[in-house]
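Undergrad: Below are the chains, spelled out letter by letter.
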Amino acid sequence: MSITIKYFGAIEDVTGIAEESVSLEQISSLEELKEHCLARYNDIKNLSFRLAVNQSLTDNANLKEGDEVAFLPPFAGG
Amino acid sequence: MNHLNRYTQQTKLPEIGAHGQEKLKNAHVLIVGVGGLGCPAAQYLAASGVGHIGLLDHDTVDLTNLHRQILFSEKHVGRAKVEVAKEVLSQLNSEVSFTCYNLRLDENNVLGIFKDYDIILDGTDNFPTKYLINDACVLLEKPFVGASIYKYQGQLSVFNYENGPTYRCLYPNHFYRDSDNCEDIGVLGVLPGLVGVTQATETIKMIVKIGKVLSGKMKLLDVFNMTEQLIRFERNENHVMLAKNRPLQLEQLSCGVLDTEKTYLDVRESYEEPRLVHSSLISIPLNQLKDRYPEIPRDKEIYVFCQSGIRSEKAIALLRKAFDFDNLINVEGGVERIIAN
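So the protein lines, in turn, are chains A and B. Position one of the first sequence corresponds to residue 1 (the numbering used here), numbered consecutively onward. Position one of the second sequence corresponds to residue 79 (the numbering used here), numbered consecutively onward.
Honestly, the hints are just simulated from the structure, not real lab data. All C-beta atoms in this analysis are idealised placements derived from N, C-alpha and C, irrespective of residue type, glycine included. Be aware that a few hints might be false.
What the hints assert, rightly or not - Derived Cβ-Cβ restraints for the label pairs, each shown as a range:
| no. | chain 1 | residue 1 | chain 2 | residue 2 | range |
| --- | --- | --- | --- | --- | --- |
| 1 | B | 290 | A | 58 | 19 to 29 Å |
| 2 | A | 28 | B | 330 | 36 to 46 Å |
| 3 | A | 43 | B | 330 | 19 to 29 Å |
| 4 | A | 58 | B | 86 | 20 to 30 Å |
| 5 | A | 38 | B | 368 | 38 to 48 Å |
This is chain B alone, in the form it adopts within the complex (with noise of 0.2 Å):
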């Protein structure tokens, strides 16, 4: 297939052109999360001619991602993300090449992944992530295009891009309280399509080197009410300084209990904030129960919680049902219940 054929609408665009097109096809993007963002910007990234492109993400496709990462079918339900999205996307574009990390991202492998990238695409679905991309942008000097979503809300921003501001400028840290993701609170399924296409968008202008890119605002989308609003923010060097001196890390919040005397078990993913520090704490989570089901005790009450009291209360039908089950008590309302302050 002609190269430059297969382009020609976007290479008609005076401002794009072959040479916009020879510069897309010589980029490298790393999409960190192949979820509701990383999904639809992985699509119309590979779609526009974006030469290589890095897939990061740890997780296997779930029947209930089908609603909005509508790259994954039905057949791959059960299978790792970075290789179903490897195997669609290059169906989709032949042209492009592809690395797939099957594996989530933290302090060790950070730098030497992104290293090999010109732009990063965070589209993670927690904190401690986003601020690990964000804190490993600063030193490697590479620009992210942040997003993330809630509900109906989308935020979005370029961060680090020609000495802007970054995430830490905007957010510098975070309360355990707000940690929380679409499993837990849903999202509306064409909103991470939105926001991801969006976020492809300003990918494409930062290589082509074209139009104005959304560094120093964050765009702030509210498809419910159909409202938005540009958010003016500056570059602080403090948090620059602190995000290039910090040792890399995760960060995970901790805190102690409230009932010492009480038994947990937290079926929350590991990377879930805030970690309880307690004696009499079991830690599985929900999708491991069926196997490590043996860990928990059958003498004495156990209260089960995760973030919202959702997923624990799913835990404890789980296991009355299929190993009988009697000693379980749900903690309604999530980790918040049982942290001391």
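With the rest of the complex left out, here is chain A (with noise of 0.2 Å):
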């Protein structure tokens, strides 16, 4: 299953890049997905964020082949 991440502010800082397609056959729901990316990004654990499928904020969701995930974390800077 294809699924694109976006990252942004901070968690853009820990990834070093703002998007990216991932393969992944286990993978099945957005909470085993966000697993597999704190494992691979460690420091993102140390930032707070939500998480976005398909530009609708979610905590759990079923993910579909094509689906977009997005790591939002606040920002506090004006």
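Dock the two chains into a complex; use the hints.
TA: Structure follows, in structure tokens:
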């Protein structure tokens, strides 16, 4: 299953990339994808963030081919 | 000057007209934080004829503000932001009246100030104040136009509008580690301009009651790649009830230090998080060091820290050069490196 992941703000600083496409056979839920990303980019766990699937904020969802997941940290700057 | 002539180009728009202009004239908008976001918002709201604008900020104009806060000029450096803003904006539009609040928003003054306004525009640069604005707006049932920026990216949404989602529905809480401000991490000058003007746009639409208000959606702008997303989110009654029932407060996260034997000097502002709880901790913001340096011991090693390690480096350079301190050690990477998890 191919998923597009977008990283924003301080999370993008951790991953070093704004976007990537991953092909993962064993992942079917948002929770599993999150665990996968946290294992891959360890420092994400130090940041607070919400997740969105296809531009909709959610805490849990089943993922399907072609979904877009976004990591959204709050910004403080003004 | 004829009131309508001045606004001809916007009253020509059938959705606004003389009637909409009258609504703008009668509106009271409070801008919290007259900085990167608040300045451009204030300029366009004043130019558009919003009748009464409140300006709230405790800070003074700094030379490093001028690359993005173009309401201010070099001659204003050192003066209170709200006073300068009132002066400059009055020249832009003498029909607008202004109230200046040269102070920091806190749990004791927030309700008294907010009650006089229809819409609150959030131009603040820290989480505790953003949550305070949210909770006060929930209590007073007022909408607020929230926004924040990070490097090349901006987030924007109208919260608590006609029973719409609140800031806590989007971000229920935050960790300490993501406190950051433009001074430490940098920001492209035009970015807050774009975002602040968009905040003014939403404010005008709410006053005149036209168009679709950005409620229940967060606009996420990335000017580096020039992409834009609209993230949908919903009202969460649990978070709204929490905001209603909790005592109003500037929530500050505090934690202990990793190495309790050491002595620390915190050169951050008093609102920056997390606050460290430690017996051998001196807290003097960078801009007060010139006056308060005698409070710093010279007979032992002092670990100096800020949010990221940049201001503490400046502080050490200053203390070494001007006051001959030779016992200061910079905490590279900032506060995060010395807290006990």
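Undergrad: Hint by hint, work out which the structure violates, then give me just those numbers in ascending order.
TA: Of the numbered hints, just 4 does not hold.
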